[in-house]
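The listed protein sequences derive, respectively, from chains A and B.
Every number in the numbering used here is 20 more than the matching position in the first sequence, counting from 1.
Every number in the numbering used here is 13 more than the matching position in the second sequence, counting from 1.
Hints are not guaranteed to be accurate.
No more than 25 Å apart at the CA atoms, straight line, and that leaves these computed lysine-lysine pairs for DSS-like [to be verified]: (1) K26(B) <-> K62(A); (2) K62(A) <-> K70(B); (3) K99(A) <-> K83(A); (4) K99(A) <-> K79(A); (5) K79(A) <-> K62(A).
Hints in this document: simulated from the structure, not taken from any laboratory.
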Amino acid sequence: EDQVTQSPEALRLQEGESSSLNCSYTVSGLRGLFWYRQDPGKGPEFLFTLYSAGEEKEKERLKATLTKKESFLHITAPKPEDSATYLCAVQAWDNAGNMLTFGGGTRLMVKP
Amino acid sequence: KAGVTQTPRYLIKTRGQQVTLSCSPISGHRSVSWYQQTPGQGLQFLFEYFSETQRNKGNFPGRFSGRQFSNSRSEMNVSTLELGDSALYLCASSLRQEQETQYFGPGTRLLVL
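With the hints as constraints, model all of the structure from the sequences given.
Next comes the structure, spelled out in C-alpha cells:
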C-alpha cells in the first residue's frame, strides 16, 4: 500500500526565516510526486511535479527536490502570504489512471 | 482558460438523504477524479473517470458513485447520507489518462445533520 508522510504537521516561521518541509513516501514504483498549496476553504493549487530522483524545480521562493525516499520543499525568505497548508502526493505505477495518494500536509504560518 | 468548477459550493443535508455534486473540468481535459477531504482522514481518493469509464476506485462504500458525460463533465452521488460523510468534496481534472498533473476545483462543502 502506498504511503505518504509529511513533517512537521505545523511550522511557524518569522518572515524571512528559511526552512524545509519533508515528504517521505513508500510506493511500489513512483510515477510522479506532486506538491500542492491549499488555502483555507479552497481547493489545492498545483505547485510542482517531480518524476525522478535528483530532479529539482523552483518557483519564486519555493524549491522542490526529490530523492528515492523523500522530497523536500524548501522555502527561502518566506513572506506572510506563503502561509498555507502544503500537500505532498504520489502517483504509483501499480495504480491505473491519475490517482493521487496524499500526505497529511504541513500547515505553515509565517509571521510578519 | 477557466479552471475546474464545482456546484453547489455549499450543501446541508440530513441523514438518510442523498446528494448529487457536479464538476466541470478544464476545457479539453478528459480525466476527472473525485476526492474527499476531512480533518481526520485528509484527502482520500474516491474514483476517477476517463472517457465516460471509471478507471479506478478508492476504498469507499457503494453508497458513493459517480459518472462522466460525453462532454467530460462529471457527477458524484452519495446515497443514504451519514454524519461521517460531512466533508469537502474536491474534483480534479487532467488532460490525459496517465502520469498527468491534476488541477483541483474549489470543492463542495457538504454538511450532514
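Hints, one by one, checked against the model:
| no. | hint | in the structure |
| --- | --- | --- |
| 1 | K26(B) <-> K62(A) | holds (21 Å) |
| 2 | K62(A) <-> K70(B) | holds (24 Å) |
| 3 | K99(A) <-> K83(A) | holds (15 Å) |
| 4 | K99(A) <-> K79(A) | holds (14 Å) |
| 5 | K79(A) <-> K62(A) | holds (21 Å) |
In this structure, none of the earlier numbered hints is contradicted; all agree with it.
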